[in-house]
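Novice: Listed below are the residues making up each chain.
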Amino acid sequence: MRFVAMIEWISRFTGSVAAWLIIPLLVVVVYEVVARHLFNAPSTWGYDTCWMLFAAQFLMGGAYTLLQKSHIRIDIVYNLLSERGKLIFDLIIYLVVFLVPAVLFTWAGIHFAADAFASDERLSTTNWFFPSGPPKSLIPIGFFLLVLQCIAEIIRSIKDLAERRET
Amino acid sequence: MIPEQAAAVIMMGLLLVMVIGGVHLAFALMLLAIGFGVAYMGPMIFPMSMLSFFGTMESEELIAVPLFVFMGTILEKTEVAENVYQALFEVFGPVRGGLAFATIVTCTVFAACTGVIAATVTTMTLLAVPAMLKRRYNKGLATGVVCAGGSLGILIPPSVMLVMYGPMANLSVAKLFAAALFPGLLLSGLYLIYIGVGSWVMPTLAPAISKAEMPVRDSKFWLRALWQMLPTVLLIVAVLGSIIEGIASPTEASGVGALCALILAVFYRKLTYSTVKAAAYTTLTVTAMVFFIIIGAGIFNSVFLFLGGGELVKSMLLGLPFGRWFILAVMMLTIFIGGFFISWQGLLYIIVPIFLPISTALHFDPLWFAILVCVNLQMSFLTPPFAYAIFFVKGASPPEIATKDIYWGVIPFVLLQIVAVVVCVIFPEIILWLPRVTLGG
Numbered sequence: 001m002r003f004v005a006m007i008e009w010i011s012r013f014t015g016s017v018a019a020w021l022i023i024p025l026l027v028v029v030v031y032e033v034v035a036r037h038l039f040n041a042p043s044t045w046g047y048d049t050c051w052m053l054f055a056a057q058f059l060m061g062g063a064y065t066l067l068q069k070s071h072i073r074i075d076i077v078y079n080l081l082s083e084r085g086k087l088i089f090d091l092i093i094y095l096v097v098f099l100v101p102a103v104l105f106t107w108a109g110i111h112f113a114a115d116a117f118a119s120d121e122r123l124s125t126t127n128w129f130f131p132s133g134p135p136k137s138l139i140p141i142g143f144f145l146l147v148l149q150c151i152a153e154i155i156r157s158i159k160d161l162a163e164r165r166e167t
Numbered sequence: 168m169i170p171e172q173a174a175a176v177i178m179m180g181l182l183l184v185m186v187i188g189g190v191h192l193a194f195a196l197m198l199l200a201i202g203f204g205v206a207y208m209g210p211m212i213f214p215m216s217m218l219s220f221f222g223t224m225e226s227e228e229l230i231a232v233p234l235f236v237f238m239g240t241i242l243e244k245t246e247v248a249e250n251v252y253q254a255l256f257e258v259f260g261p262v263r264g265g266l267a268f269a270t271i272v273t274c275t276v277f278a279a280c281t282g283v284i285a286a287t288v289t290t291m292t293l294l295a296v297p298a299m300l301k302r303r304y305n306k307g308l309a310t311g312v313v314c315a316g317g318s319l320g321i322l323i324p325p326s327v328m329l330v331m332y333g334p335m336a337n338l339s340v341a342k343l344f345a346a347a348l349f350p351g352l353l354l355s356g357l358y359l360i361y362i363g364v365g366s367w368v369m370p371t372l373a374p375a376i377s378k379a380e381m382p383v384r385d386s387k388f389w390l391r392a393l394w395q396m397l398p399t400v401l402l403i404v405a406v407l408g409s410i411i412e413g414i415a416s417p418t419e420a421s422g423v424g425a426l427c428a429l430i431l432a433v434f435y436r437k438l439t440y441s442t443v444k445a446a447a448y449t450t451l452t453v454t455a456m457v458f459f460i461i462i463g464a465g466i467f468n469s470v471f472l473f474l475g476g477g478e479l480v481k482s483m484l485l486g487l488p489f490g491r492w493f494i495l496a497v498m499m500l501t502i503f504i505g506g507f508f509i510s511w512q513g514l515l516y517i518i519v520p521i522f523l524p525i526s527t528a529l530h531f532d533p534l535w536f537a538i539l540v541c542v543n544l545q546m547s548f549l550t551p552p553f554a555y556a557i558f559f560v561k562g563a564s565p566p567e568i569a570t571k572d573i574y575w576g577v578i579p580f581v582l583l584q585i586v587a588v589v590v591c592v593i594f595p596e597i598i599l600w601l602p603r604v605t606l607g608g
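Taken in sequence, the protein lines are chains A and B.
Reading the first sequence from the start, the letters are residues 1 to 167 in our numbering.
Reading the second sequence from the start, the letters are residues 168 to 608 in our numbering.
Bound conformation, chain B alone:
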C-alpha cells in the first residue's frame, strides 16, 4: 500500500485534476474522502462522516447564510441598486468618470446588503454598463468597474464568506464582520482613486456627461435622491451596527435583517408572492450548493489530515528560508494562484484549514490572517480562466463587449486588490482596530 503521506498528496492532486476537469466540487470531495477513507481507515469513515455532517447541521452560526442570502435577494428585488444608482448617477454624472464613481459607490452599498455577488454583478451590469457605453466610456473600464465593485459583496459584511470562515477557524463571526469593514472600504476607496486619477489623465477613458442631459439640481432633486437611498442605508446601518456593536449575533441580525428587507419591500410596493417565491428558490439553490461543498470538504479534510497531509504541508512551509513574512507571502501567493482555477468555497475549505495551523505556529494574529485570506479570496472572482464576476458580467452585458475587453478591464483592479493586501499587511490596524474597540479584540 502507498504510504499515508504520499496518499495525501495523491488525494489532493486527484482533487485538482477532477475539479479543473469539470467535476462538481462538492461531490468530488465526497468521492475522494470515501475512497481514501475506506482504504486507510476502513468502514469507520461512514459513522465519522455522519457525525461530521451532523456537526455542520447543528452549527448555530451557519444559519445566517440562508438568511443573509434571502435578505440580499429581497433587497435586490426592491430595486435598491436601481434607486441608489439613479440617485448617484444624477449626483456624479457631470464629473469625469462620474458613472464609474456611481457604480463603485452603488456596489459598496449593495455589498453591505448582500453576502454573495451574483445578484450584485448581474444587476449592476444591466444598469451601469449600457449607461457607461452610451457615454463612450472605455469598454474595459466600464466592465472592470462592475466586476471589481460587484465582488466587494463577498467581503463587505454581511458576507457569506465570513460566516463560513468563522466556525471553521474558531473565530467569532461578529469580529470577522467588524474586521472586514475597513479593508472593504479601503478597496472601494482605491477603486475610486484609480478612476479619478485615470479619467483625469486620460479624458477619453471616462468622459463627463453634458450638462444638458442632467436634471436641474434644486431642493426637490436632493430630496428625491435622499428618499431613494435613505431607507436602505438605514437598514444596513442597523443590521451591521447591531452586529459590530455586539448587540446581536450575526444569526439574530440576519433574521431581523431579512424581516426588515420584507418590510422595506412592502414600503416600496414591490412585495408580491412571485418576488418572495423567487427569493426563496434562489436562497435554496445557493444554500444547498454551498452546504454540500461544506459537508464534502469537512470529511475530505478529516481524511487528508488523518493521512498526515496537513503535517506534510506544514513541515514543508515552515522549512522555507527567509523567515515568517516569506512564508506568509508563499501562502498568499498559493491562494492567489489557486483562485485562477478553483472557486472561493473550494479554496476556503480545502487550503485554508491546512494554512491555519501554520499561521498559528508563526504567531500571526488569527483575525488579521483571516481578513488577508478573504481579501485574497475575493480576487478569485476576477482572475481568469475561472472568474465568476467575469462570467456574470459577460452574460449580462451587451454583445459589443468581448470577453477580452473584460480581461483587460479587470487587470488594474486585480493590481489594486494586491495593493490592498500589502497595505493591510503593513498597517494591520486597518483590520484590527474596529473589532478591538467595539468587541474587545
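Chain A extracted, bound-state conformation:
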C-alpha cells in the first residue's frame, strides 16, 4: 500500500498546484483587461498565457478529480449491485474504460509534444510566437497522472476484493 499512498500523494500535490492556478489565471485575465481597456496596450504574452494556465489547470486536475470521485457517472444501476458487485464493476471500469484511453493518450501525447519540440514549432495564435512544445506537453502529463491514479484505484479495488473474500 506504500505505492498507493505515494500515488495519492502525487495526485493531491498536482491537484493542489492545479487548483491554485486559478489565481494567476485571474491575475493575467484582469491584467489584460486593464492593459487593453484602460491603456489600450494589450500585452503580447497575455492571451497565450491565459489559455495555457487554464489548460494546465484542467489537464493536471484530471487525476485529482478521479481521486475525489468527481468524474460524473449515473449510479442508479450501480447502486443496485452488492458491495462485491460494485468493487468488481469498478475494477473493470478502471482497467478498461479509464486505463486504456489514459495509456494510449499518454503515448500519443508524448509523440505530439516531442514532434513540436523537435521541429521547434511556434504558436501562431498571437505575435508572441511562444514554443508550442510546453503547452502540448500538458496533454501527456495530464494523462500520465491519470494513469498513475488509475493504477492506485485498481490496486485498492483488488485489495478490497481480496479482503472481502477472507472475511
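No wet-lab data here; the hints were simulated from the structure.
One or more of the hints may lead you astray.
[Claimed, not checked] Simulated crosslink set (DSS-like; lysine-lysine; CA at most 30 Å straight-line): (1) 69(A) <-> 571(B); (2) 437(B) <-> 86(A); (3) 301(B) <-> 69(A); (4) 69(A) <-> 159(A); (5) 561(B) <-> 69(A).
All values derive from a computational prediction rather than experimental measurement.
With chain A held as given, fit chain B onto it using these hints.
Specialist: Positioned in the frame of chain A, the structure of chain B alone reads:
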C-alpha cells in the same frame, strides 16, 4: 466489417448502455472514440485526437468556465444567498406563499452570480426548506421550489452551459448571454405566478407567517435589507451589463467578476485562506470534470460524424412528415427524454452537434434554437431518475422529506418549463430582442 453507418448506430447505442449502466461519461466517450476510431480510421485517430484536445485548450472563450465557477463559489462563501434570503424573508413573509416567493427571487439573484447549480441548490435547501417546513408549507412545494429555482443557475447568465454552447455552435457567448436573460426571467416569473395562484386557491399549500413573528418595518428595516442585497446586485449588474452591452468579452468579465467577488468577500469580512482554498478546489474538480467530458465528446463526435452517423440522423429527421415545426418538436422531445437519463453535459456535446445542422437546414435562427435547447436542457436537472437538483435537495434536506415528496413537488415546475419552451417558440422575440438591440443581432 460492419458498414459505417451501422457502426455509428452501434457506437451511440453502446454509449447509452455504458452511461446508463454507470460508466463515467468522459471516459466512456474516449474509449468508444478510440475503439471505433482505430477500427475505421486506423492509427490516424491518435494525432487527430491530439489536435482536437489542443483545440479545446486553445479556446479563449472556455477560459470563462473556471473563472465563473470561482466567482460563484466565492460569492456563495460570502453568504450572498443568506443575506438576500434574509432580506426577502422579512419583506415577503406575511404574504401567503411568501417564503416560496423569497426562495425563487433569491435563486434568481444567485443564478446571476453563478454558472452552475450545485452550490445554489444545496445552499437554498439548507436555508429555505427548514424555514418553509416550520411554517407548515407543503413538502412537495417547499422542495420543488428549491429544485426549480436552483436550476435557473444554469440558464440565467453567467452560465457555464452557455459558455460551452457558444464555441461548439460558432455562436457568440455574449449574444447567448443576452438571449438567455429574458427566458430565464420568464421561468422565474412563471414560478412566482404559480406559487401566487396556488397558495391563493389552496391556503394550506403555503400559509402566511403570523405578524408577531415578523420584525417591525421601520426605515432601519429597509436600510438593512438594502445593505444586505445591494453590493451583490451591483456586482451582478456590472458583470452581466458589461457583457450584454458588448463592453467586455465574457472571459474578461469573468476575470473582473471573480476579482470583484474577492473584494466583496473582504467587504463582508469573509475572505480567509480556507475560503479561497475551498473555492479553488471546487473550481478545479468542476472544471476538470467538465473539460474531460468536452475533450472526450469532441473526439467521439469526430468519429461518429466520420462514420456518417450525423448524416443518418439528419436524413431520418428531415424525412419526417408534417413540416419543420414537427421536426423541431421531435428534436426537443428527444432532448427532454434524454434528460431523464443523461446529464446536460452529455446531451449538449453528443446530441446537440447532431441537431445543429438539421436546425440550420430547416432555417431556424441559431440563437433562438440555442436558447430553446438550453431551457430544455435545464429540465434535465428536474426529471428523474437522473436529476441533479433532486439529488442535491434530497442530500441537504431534513430526513422527514422523502424522495417521493420531491418527485411530486417538481412535476408542476417541469410543466411550467415546458410552457416556457412553448412560449419562447410562439414569441421568439423573448429570446431575440435583447441581443439584437445591444449587440446587433
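Novice: Against which earlier hints does the structure fall short, listed by number upward?
Specialist: Of the numbered hints, 2, 3 do not hold.
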